[in-house]
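Engineer: Given next are the chains, with one letter for each unit.
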Amino acid sequence: MKISEILRQLGATVHVTAGLDRDVEVGVVGDLLSFIMGSAPEGAVWVTIQNHVNVAAVAVLKEIPLVLLASGRTPSPELEDHCARESIALASTGLDAFELCGRLYEMGLCGSRRS
Amino acid sequence: MRRYRADLHVHTVLSPCAELDMGAFDIVSRCRRERIDIVAVTDHNAAKNCKAVKEAAKESGLEVICGLEVQSSEDIHVICLFPDCDAATAFENWVWSLLPPVKNRPESFGYQLVIDKDNNIIEEVPFLLVQGIDATADETIVQAHKNGGVAVLAHIDRPVYSYVAVLGLIPENLRVDAVELSGRLTKEEALLWREKTAGRTIIRSSDAHRLDDIDRGKTTCFLLERPCFEEIAMALRNEAGRRVLWPWE
Numbered sequence: 000m001k002i003s004e005i006l007r008q009l010g011a012t013v014h015v016t017a018g019l020d021r022d023v024e025v026g027v028v029g030d031l032l033s034f035i036m037g038s039a040p041e042g043a044v045w046v047t048i049q050n051h052v053n054v055a056a057v058a059v060l061k062e063i064p065l066v067l068l069a070s071g072r073t074p075s076p077e078l079e080d081h082c083a084r085e086s087i088a089l090a091s092t093g094l095d096a097f098e099l100c101g102r103l104y105e106m107g108l109c110g111s112r113r114s
Numbered sequence: 000m001r002r003y004r005a006d007l008h009v010h011t012v013l014s015p016c017a018e019l020d021m022g023a024f025d026i027v028s029r030c031r032r033e034r035i036d037i038v039a040v041t042d043h044n045a046a047k048n049c050k051a052v053k054e055a056a057k058e059s060g061l062e063v064i065c066g067l068e069v070q071s072s073e074d075i076h077v078i079c080l081f082p083d084c085d086a087a088t089a090f091e092n093w094v095w096s097l098l099p100p101v102k103n104r105p106e107s108f109g110y111q112l113v114i115d116k117d118n119n120i121i122e123e124v125p126f127l128l129v130q131g132i133d134a135t136a137d138e139t140i141v142q143a144h145k146n147g148g149v150a151v152l153a154h155i156d157r158p159v160y161s162y163v164a165v166l167g168l169i170p171e172n173l174r175v176d177a178v179e180l181s182g183r184l185t186k187e188e189a190l191l192w193r194e195k196t197a198g199r200t201i202i203r204s205s206d207a208h209r210l211d212d213i214d215r216g217k218t219t220c221f222l223l224e225r226p227c228f229e230e231i232a233m234a235l236r237n238e239a240g241r242r243v244l245w246p247w248e
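Protein chains in written order, with numbering that gives the first Met the number 0: chain V, 0 to 114; chain X, 0 to 248.
Some clues are possibly wrong.
With beta-carbon atoms standing in for the labels, derived distance ranges [said to hold, decoys possible]:
(1) X:Leu-244 - V:Gly-93: 46 to 56 angstroms
(2) V:Gly-107 - X:Asp-214: 50 to 60 angstroms
(3) X:Pro-158 - V:Glu-105: 31 to 41 angstroms
(4) V:Thr-16 - X:Asp-74: 43 to 53 angstroms
(5) V:Glu-105 - X:Val-141: 40 to 50 angstroms
(6) V:Gly-71 - X:Asp-115: 43 to 53 angstroms
Keep in mind that the hints were calculated from the coordinates and are not lab data. Just so you know, these numbers come straight off a predicted model, no measurement behind them. Quick reminder that beta carbons are idealized off the backbone N, C-alpha and C, glycines included.
Given only the sequences and the hints, what does the whole structure look like? Please build it.
Structural biologist: Spelled out as structure tokens, the structure:
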């Protein structure tokens with residue numbers, strides 16, 4: 000599914016608009032960056048409440064095209080800058096992580112086990 | 000300049016997770032038995048027992064540094080050390096203004112006791128101290144410096160409550176004064192961390208929650224003129240010949 004379509008269906012607030020025509024099929028959720036570094040499937044959509052600038056570095060490492068901040072968290076200016084520089088799409092929503100993952104699952108995305 | 004042995008991370012009975020043997024005089028005598036010269040009192044999000052340990056240490060030859068172990072909004076632990084009790088208290092006021100109003104349940108979490116130098120209980124802190132405050136680790140470091148202190152990333156080798164576990168890596172421009180490794184690491188493990196944190200000052204501490212945890216083998220040697228906060232701060236920054244010796248030598 001195209002990132003632009005995911006963001007449209009979620010009604011998410013988009014902070015960085017890079018690469019919105021890319022396709023994604025897999026998702027991952029977590030706030031411990033060491034865990035995401037170790038376990039995220041490459042190319043996954045990443046759902047998190049973590050808005051530290053290091054999120055961008057981990058996204059680059061795992062080739063994550065889209066970071067979705069849940070529970071109304073907004074990105075720090077540093078995170079926005081880094082995502083823009085690295086061409087990572089960044090959006091936020093008031094939905095909590097559970098609800099957000101449910102919506103993504105309904106759209107046809109899955110976790111790493113089924114990919 | 001001479002060597003001083005320091006343990007810059009020790010809890011007291013104010014930390015709910017600490018054993019009730021962590022009284023003021025008890026910590027002082029245990030440190031002396033282990034030939035430790037400098038100890039920092041670092042309870043979770045609190046500095047209220049620094050004074051008791053400092054007073055209990057008078058004429059013992061043990062130098063007591065006032066500090067706190069802050070838990071940030073991301074559940075990262077940061078050791079913050081200050082020149083004196085007043086500076087630590089000012090910082091503690093900032094921490095408490097950001098602490099969520101959750102009550103402590105001593106039967107689940109443990110007692111949070113403020114004591115005097117003779118271990119008399121002055122008060123019990125009613126709200127839970129082991130929670131993340133409403134400030135990030137990076138903001139906590141900035142605030143510690145504003146209050147005249149130094150900041151050390153606690154036990155970065157651990158899978159929980161550590162900067163590296165939560166945020167993956169330590170940004171090069173993070174103005175933290177040192178990083179702490181756990182006393183239980185082997186020399187080989189410690190060397191791997193030294194490679195990973197190239198250029199950072201590394202200290203080893205006990206993170207003692209009971210008296211038996213206070214151990215000469217879980218400390219760090221400092222090269223200082225005098226055993227005091229100012230000299231330790233200089234050593235962490237590697238200034239004017241003051242320095243931290245590699246703990247796993």
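Engineer: Determine for every hint whether it applies to the structure shown.
Structural biologist: Checked hints:
The hinted window of 46 to 56 angstroms between X:Leu-244 and V:Gly-93 holds, with their beta carbons roughly 52 angstroms apart. Between V:Gly-107 and X:Asp-214 the C-beta distance comes to about 56 angstroms, which sits within the given range of 50 to 60 angstroms. With their beta carbons about 33 angstroms apart, X:Pro-158 and V:Glu-105 fall inside the hinted range of 31 to 41 angstroms. At roughly 32 angstroms, the beta carbons of V:Thr-16 and X:Asp-74 sit outside the given window of 43 to 53 angstroms.
For V:Glu-105 paired with X:Val-141, a C-beta distance near 42 angstroms keeps the hint of 40 to 50 angstroms intact. Between V:Gly-71 and X:Asp-115 the beta carbons are some 45 angstroms apart, a value that agrees with the proposed interval 43 to 53 angstroms.
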